[in-house]
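> Each chain is listed here by its residues.
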Amino acid sequence: MEEIFALWQRDILRFFRDKARLFGSFAMPFLFLIIFGSGMSGSIRSLLGGADTPSAMASFDYVKFMFPGIIGMVVFTTSIFSALSVVQDREFGYLREILVSPVKRSSIAVGKVLGGTTIAVIQGLLMFIFVPFIGLKINLFIMIKLIPAMFLIAFTLSSIGLLLASSLKTSAGFQMVVQILIFPMLFLSGAFFPITGLPAWMNFLVTINPLTYSVDMFKKIILEADKLDPLLRQVMGLNLTVLGHQVTVFDEVLFILICGIIFITLATIKFSRSS
Amino acid sequence: MNDIENNMNNIIEVKSLGKKFDNLEAVKNISFEVKEGEIFGFLGPNGAGKTTTINMLCTMLKPNHGTASVNGYSIISSPNEVRKSIGIIFQENTLDEKLTANENLLLHCRFYRIPKNERENRIKEAFNIVELSDKRNKIVETFSGGMKRRLEIARGLLHYPKVLFLDEPTLGLDPQTRAHVWEFILKLKEKAGITMFLTTHYIEEAEICSRVAIIDYGKLIALDTPDELKSKVGGDIIEISTLDNKAAKEEIENKYNKEVTENQKILSFKVDKGHKFLVSFIKNFKTPIKSINLRRPTLNDVFLKLTGRQIRDEEVSAKDLMKKRMKMHGRMR
Numbered sequence: 000m001e002e003i004f005a006l007w008q009r010d011i012l013r014f015f016r017d018k019a020r021l022f023g024s025f026a027m028p029f030l031f032l033i034i035f036g037s038g039m040s041g042s043i044r045s046l047l048g049g050a051d052t053p054s055a056m057a058s059f060d061y062v063k064f065m066f067p068g069i070i071g072m073v074v075f076t077t078s079i080f081s082a083l084s085v086v087q088d089r090e091f092g093y094l095r096e097i098l099v100s101p102v103k104r105s106s107i108a109v110g111k112v113l114g115g116t117t118i119a120v121i122q123g124l125l126m127f128i129f130v131p132f133i134g135l136k137i138n139l140f141i142m143i144k145l146i147p148a149m150f151l152i153a154f155t156l157s158s159i160g161l162l163l164a165s166s167l168k169t170s171a172g173f174q175m176v177v178q179i180l181i182f183p184m185l186f187l188s189g190a191f192f193p194i195t196g197l198p199a200w201m202n203f204l205v206t207i208n209p210l211t212y213s214v215d216m217f218k219k220i221i222l223e224a225d226k227l228d229p230l231l232r233q234v235m236g237l238n239l240t241v242l243g244h245q246v247t248v249f250d251e252v253l254f255i256l257i258c259g260i261i262f263i264t265l266a267t268i269k270f271s272r273s274s
Numbered sequence: 000m001n002d003i004e005n006n007m008n009n010i011i012e013v014k015s016l017g018k019k020f021d022n023l024e025a026v027k028n029i030s031f032e033v034k035e036g037e038i039f040g041f042l043g044p045n046g047a048g049k050t051t052t053i054n055m056l057c058t059m060l061k062p063n064h065g066t067a068s069v070n071g072y073s074i075i076s077s078p079n080e081v082r083k084s085i086g087i088i089f090q091e092n093t094l095d096e097k098l099t100a101n102e103n104l105l106l107h108c109r110f111y112r113i114p115k116n117e118r119e120n121r122i123k124e125a126f127n128i129v130e131l132s133d134k135r136n137k138i139v140e141t142f143s144g145g146m147k148r149r150l151e152i153a154r155g156l157l158h159y160p161k162v163l164f165l166d167e168p169t170l171g172l173d174p175q176t177r178a179h180v181w182e183f184i185l186k187l188k189e190k191a192g193i194t195m196f197l198t199t200h201y202i203e204e205a206e207i208c209s210r211v212a213i214i215d216y217g218k219l220i221a222l223d224t225p226d227e228l229k230s231k232v233g234g235d236i237i238e239i240s241t242l243d244n245k246a247a248k249e250e251i252e253n254k255y256n257k258e259v260t261e262n263q264k265i266l267s268f269k270v271d272k273g274h275k276f277l278v279s280f281i282k283n284f285k286t287p288i289k290s291i292n293l294r295r296p297t298l299n300d301v302f303l304k305l306t307g308r309q310i311r312d313e314e315v316s317a318k319d320l321m322k323k324r325m326k327m328h329g330r331m332r
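Chains A and B supply the protein sequences, listed in that same order.
With the first letter of the first sequence counted as 1, position 157 gets the number 156 in numbering that gives the first Met the number 0; the numbers rise by one all the way through.
With the first letter of the second sequence counted as 1, position 285 gets the number 284 in numbering that gives the first Met the number 0; the numbers rise by one all the way through.
Since the hints were made in silico from the structure, they are not lab data.
Where hints are given, some of them may not hold.
Just some of the chain B residues that point at chain A, by a computed CB distance under 8 Å [said to hold, decoys possible]:
| id | residue |
| --- | --- |
| 1 | Met59 |
| 2 | Lys61 |
| 3 | Ile87 |
| 4 | Phe89 |
| 5 | Leu98 |
| 6 | Phe110 |
| 7 | Tyr111 |
| 8 | Leu131 |
Have a look at the derived ranges for each label pair, beta carbon to beta carbon [to be verified]:
| id | chain 1 | residue 1 | chain 2 | residue 2 | range |
| --- | --- | --- | --- | --- | --- |
| 9 | B | Glu124 | A | Asp250 | 53 to 63 Å |
| 10 | B | Asp226 | A | Met0 | 45 to 55 Å |
| 11 | B | Lys61 | A | Glu223 | 49 to 59 Å |
| 12 | A | Ile268 | B | Lys123 | 17 to 27 Å |
Some chain A residues well away from chain B (every beta-carbon gap over 12 Å; in silico) [claimed, not checked]:
| id | residue |
| --- | --- |
| 13 | Leu32 |
| 14 | Phe35 |
| 15 | Gly41 |
| 16 | Ile43 |
| 17 | Phe132 |
| 18 | Ala199 |
| 19 | Glu223 |
| 20 | Leu253 |
Glycine is no exception: its CB is placed at the ideal position from the N, C-alpha and C atoms.
Please construct the entire structure, taking both the sequences and the accompanying hints into account.
In structure tokens, the structure reads:
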């Protein structure tokens, strides 16, 4: 345990010491929210509402709709890219210091994944400084529900990242592969537009995408879906159904958890074998 | 000699160890022992298989055949026990440069499960040995090459290893820093009595070792104390350059019946009692001499005698470069 904690602490320490990375992480979400979000707001509302906008739609705000998606984007990309540190440790030599010590390979894998997970959750939480500017109301209860939800998906994606980092030898290669993987997952998760009325093949991809369930959880928590007008819920795509079954938060937690367990196992095995 | 008693003093035992990368045999069936408390040197040109051997002994690389034990533990069946018994200074820097010197050492303590209440003392002690106490809380990135090396040595000592492996500990350092690092290594041997296993391609460094193994193309070609090895070369060495090396070579071979080797336009041959030989040699030699030099044999001469090449032939052939690259590639895998 001591070793896992030590590895975890090292990653956190390095994260806070890298000021450029810390501040740079605000750039993309800011651009998405302010430029993309504000710019698209009007057209999305009329698109969703049709010609005669129902009264419930008047309270629809695209920027608010997008905010949970932005949190998702930050948490997803940060966690999956966190395994880059493994590739860099290999390139800069520090991985050999760890590998030649008596620390178990599985402990190294778990320590790295937990480090990436924590950083992703911190990054996600940092995005809440945008909250006052977009007029959302966030209370402590929302945060308490949100943190484990973020942790769960970040853990799963960090594991996927480590699995890739164990097979890819250069940081350039790793970044390329992760980008090719994460962007389709992100776009097919409902983070930026409601995933309703999609073609069948796309619907299939959306259904098997763990990010879909994560984004849905974030939306339900942050937007307090149970307090929304049913019509608004419908157009925002918050009534996610799979095979005719309306998905509950419990189903979502279970699905992501299973994915997480599968990927941390695969990543640990792959990492132990490759080093 | 009593065999069992002999084995008890061996901290490292290597039995027909071999490693193949694709179709390159980096280490070919080598066997040797390292005695407790000695400085054991692994001397050979670049790409001879030194690092590959060290990597196998450190459990970073699995051998294709053969076995070895370090501190009584097999590198194959109990790698974790081996890891606890050893400290390693790798050829390349393995510090976390974004952290402070102290943080690097503290992490090491935690990886090796050094009890919390002992950590501070050990870290202090290690900083003292390498004289970096005043740089304790500086970020490693700001250190010079020599300071980084010393910090790595300090780190390698924290868990009181039985054997300290040093892979080319002075590679890439300027001569002054090299001497400094060596001072620490010798001080360490005196103070802590740790067995040290080091690889080098610097002759002068190998001369300091208690015993030296010479390795070439993955094969162990000699193993003894530096003095013993040098005495096998026999006598003194005379090096001359002349206006006509071909004629001079013939003359020496006919007149004195000596074996002459030519390297970079310098002829060299061995004689007994060189200082007396030199006087009559200069008087009677027909070919005009440009320069002449008399010296004691070095380990390089031993290598030359055994392989016909110099250890530090700077012209590395394309094939050797390929090999080196393959080795590095293989190591990363």
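> Please go over all the hints and tell whether each is borne out by the structure.
For each hint, the structure was consulted:
At about 6 Å, the closest approach between the beta carbon of methionine 59 of chain B and any beta carbon in chain A falls short of 8 Å, and the interface hint on this residue holds. Below 8 Å, beta-carbon pairs count as interface contacts, and lysine 61 of chain B has none with chain A, the closest being about 11 Å; its hint is therefore violated. Below 8 Å, beta-carbon pairs count as interface contacts, and isoleucine 87 of chain B has one with chain A at about 6 Å; its hint therefore holds. Checking phenylalanine 89 of chain B against chain A by beta carbon gives a least distance of about 6 Å; that is within 8 Å, so the hint holds.
The interface hint given for leucine 98 of chain B is met, as the beta carbon of that residue sits about 7 Å from the closest beta carbon of chain A, less than 8 Å. Annotation: interface hint on phenylalanine 110 of chain B holds; nearest CB of chain A at approximately 4 Å, less than 8 Å. With a least beta-carbon distance of about 6 Å to chain A, the hint placing tyrosine 111 of chain B at the interface is held under the 8 Å criterion. Taking 8 Å as the C-beta cut-off, the interface hint given for leucine 131 of chain B is violated, the closest approach to chain A being about 17 Å.
At roughly 57 Å, the beta carbons of glutamate 124 of chain B and aspartate 250 of chain A sit within the given window of 53 to 63 Å. For aspartate 226 of chain B and methionine 0 of chain A, the Cβ-Cβ distance of about 52 Å falls inside the hinted range of 45 to 55 Å, so the restraint holds. Taking the beta carbon of each, lysine 61 of chain B and glutamate 223 of chain A are about 56 Å apart, inside 49 to 59 Å as hinted. Checking the proposed 17 to 27 Å range against isoleucine 268 of chain A and lysine 123 of chain B shows it is violated: the Cβ atoms sit about 40 Å from each other.
Residue-level check passed: leucine 32 of chain A sits 31 Å from the nearest beta carbon of chain B, beyond 12 Å. With a least CB separation of 34 Å from chain B, phenylalanine 35 of chain A remains clear of the 12 Å interface cut-off, as annotated. The Cβ of glycine 41 of chain A sits about 46 Å from the closest Cβ of chain B, beyond the 12 Å cut-off, so the non-interface label holds. No beta-carbon of chain B is positioned within 12 Å of the beta-carbon of isoleucine 43 of chain A; the least distance is around 43 Å.
In this structure phenylalanine 132 of chain A is separated from chain B by more than 12 Å, as the shortest Cβ-Cβ distance comes to about 33 Å. Chain B leaves alanine 199 of chain A outside its interface by the beta-carbon criterion, the shortest separation being 43 Å against a cut-off of 12 Å. Non-interface status of glutamate 223 of chain A relative to chain B is upheld: no Cβ of that chain comes within 12 Å, the nearest being about 41 Å off. Every C-beta of chain B lies more than 12 Å from that of leucine 253 of chain A, the closest at about 35 Å, which supports listing it as non-interface.
In this structure, the hints that do not hold are numbers 2, 8 and 12, in rising order.
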